[in-house]
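> In the UniProt record's numbering, the protein residues as written are 1 to 402.
Only true hints are included.
Derived pair list, reagent style DSSO-like, types lysine-lysine, alpha-carbon separation capped at 30 Å: (1) K290 - K357; (2) K240 - K169; (3) K340 - K320; (4) K169 - K287; (5) K257 - K23; (6) K46 - K77; (7) K287 - K240; (8) K16 - K69; (9) K283 - K169; (10) K320 - K350; (11) K335 - K374; (12) K374 - K336; (13) K290 - K398; (14) K143 - K183; (15) K350 - K290; (16) K257 - K284.
Hint data in this document are derived by calculation from the structure and do not stem from the laboratory.
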Amino acid sequence: MIINCGNIKTLNYANKLKLVAGKNGLDRVIKWVHFMENPEYIDWLKGGELILITGVLMDMDQDMNTLLKLITDLNFKNASGLVINIGPYIDKTPLEAIKLADSLDFPIFELPFELRLIDISQSICKAIFLNRIEQESMNSFMKNILSGDLECNEETVNRAMFYGYNSSKRYCSFVVSVNNFTKFAMNNGIWDEEIVFRTVQQINQVIVNIMNRYNENTIRISENNIIIIMIPVEQEIEKKMNNIAEEIIKNIHSRIKGLKISIGIGTYCSELGKFKESIDNAKKALKILKVTKDKSYICNYNDIGVYRLLFEIDNMQEMKKFYYEVLGKLVEYDKKNTTKLVRTLNEYIKQNCNLIKTANVLFIHKNTLKYRIKRIEEILDCDLKDMENLLNFSIAFKIKNL
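My request is simple: use the sequences and hints to build the entire structure.
Have a look at this one:
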């Protein structure tokens, strides 16, 4: 269970917390718990912290702005939330603070003064630690399965069931890839395991929230800059896989500003031993997004057509040879004459040989396009009305993308 502001009330001692503000931010992931009576130490925060205060250093009668500034600064530093120990220093959360926190979707909890903050802290930190150990254990176990280091026998299946695998269900893989992680990290001024861990946790939380609406427990594996999700597929959601992927992307782009992700959707499988094949296919779908420079963020392996066959050809040299046999003369002509006939032919095929659409995409007159097509036919000694020729050209361009 990922620990966030919404589920800490299920933990010992923390169940005494009372939410007073920021209910729309309860999905904020808690990375750790910190006591912080002195606001000057806020620059030390890295994000994901739940902050505990008693207000011992605040004079609420004289300076309300101190608390308001603390809330604003904590939100700016991506803290998870604030716990105020209600008592002699702060007798209740001021209305101004509640309004501010609500506007920021920043959770504020109240805790009765007779309860010890150390008990709350230990309870939450223990849950965070156990969750991290469980996630690392599952990552290691599933990576061994995907690498082929573990035989999928009865013992392995039983262990997988401990991590949420259901042998009676079919699964489909999502591979979630961060497209701009280096730029994202640099923009946040952090480049270490902290931002990696926090970002992965935030992405996982979005996924959990969405899949909970479908009453499905996913298996999630973190691997470098990607997250692998194995989704149990009931018949009623099988046709919604692309919609689920779109929802994940929309929520992540909304929650984590500046992060751009793509999702490759793999094939369906019924056995634990077939997980690797499904995930490999999802990675191939992701590769198609990158090599074709498709502007969409989702690619389903079932939709990549002839690329599925090309991925199965191991002899890259033979594919390159085919490419130059089919298009080589046109490539050389473009080089010598600084023309754009290769691009023209590629776009003409993309537009299903529609002259008007092709001319519009290339920003040229239709008569100019007709002249180019005639010239292409002369150079390649072919008829662009012949389906066999068009098929060869189409395959050649797809090989070029690989």
